[in-house]
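Read in numbering that gives the first Met the number 0, the sequence shown has 157 at position 158, and its numbers run on one by one without any break.
Calculated directly from the structure, the hints in this document are not laboratory data. Hints may contain errors.
[Stated by the list, open to error] Distance ranges between label pairs, derived from CB positions:
1. 158 / 208: 52 to 58 Å
2. 80 / 51: 46 to 52 Å
3. 129 / 87: 20 to 26 Å
4. 44 / 159: 34 to 40 Å
5. 40 / 208: 25 to 31 Å
6. 104 / 41: 18 to 24 Å
7. 31 / 158: 27 to 33 Å
8. 178 / 212: 46 to 52 Å
9. 83 / 44: 29 to 35 Å
10. 24 / 72: 18 to 24 Å
Just so you know, these numbers come straight off a predicted model, no measurement behind them. For glycine and all other residues, C-beta sits at the position ideal for the given N, C-alpha and C.
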Amino acid sequence: MSFRMASPARLSARDRMHLYLFVSVLFVMGVIFGALMVNALTLEQKRDLAGYMGNFLQASLFGGEAAPRPSLAETFGLHFKWLALLWLLGISVVGLPLVLALDFLKGLLVGFTVGVLISQYAWKGLALAFVSVVPHNMVIVPVIIASSAASIAFSIMLVKRRFLQRPHGSAAPTFVSYTAFMIAMTAVVFAVSLFETYVTPRLIQWIAPIVLGGAQ
Numbered sequence: 000m001s002f003r004m005a006s007p008a009r010l011s012a013r014d015r016m017h018l019y020l021f022v023s024v025l026f027v028m029g030v031i032f033g034a035l036m037v038n039a040l041t042l043e044q045k046r047d048l049a050g051y052m053g054n055f056l057q058a059s060l061f062g063g064e065a066a067p068r069p070s071l072a073e074t075f076g077l078h079f080k081w082l083a084l085l086w087l088l089g090i091s092v093v094g095l096p097l098v099l100a101l102d103f104l105k106g107l108l109v110g111f112t113v114g115v116l117i118s119q120y121a122w123k124g125l126a127l128a129f130v131s132v133v134p135h136n137m138v139i140v141p142v143i144i145a146s147s148a149a150s151i152a153f154s155i156m157l158v159k160r161r162f163l164q165r166p167h168g169s170a171a172p173t174f175v176s177y178t179a180f181m182i183a184m185t186a187v188v189f190a191v192s193l194f195e196t197y198v199t200p201r202l203i204q205w206i207a208p209i210v211l212g213g214a215q
């Protein structure tokens, strides 16, 4: 049994590329929509966000116990729940539309976060996004895209087996391959969570004086 994306749904290379492309486009659409949502915020909401981010950066700047540093369990737990949900939706068959919704939602969250930072701090907000949002998402986003494609492919395979054609052999090897792939993605996410927990706060602490200086 080959440990490749081909295993979960036995799709051709062209079909897999179509899945990757479709999920990626959906994510990008979410990013764009999230960025546009910033313009729809009321003045009061923008003030609240500005106050929250200012307090966050102040706490990061001074460090110590007041620094907003989520634990490794919290950071990894959030990413793990996302992957676990994708895995569960893949084996549920009817959860396929929810997989697509999660991809769009992930893009929306990233786009909204970056959009808020830029709207509040201009180019300094972009610099803040590059140290606080971009580094771990450079790995997390491809992991989610690959995991979503695997989930969709496995779901399609189950639909074909149940409703469109006669089953050929056991689905157990395919299920094991699919699950093994998701476990591998979980291991990658754990490594990224280490970076996000222990390195990202230091990067934010480093850039906080620059951002706050520009905001004053």
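Violated hints - listed by number, lowest first: Result: hints 2, 3, 4, 10 break, sorted rising.
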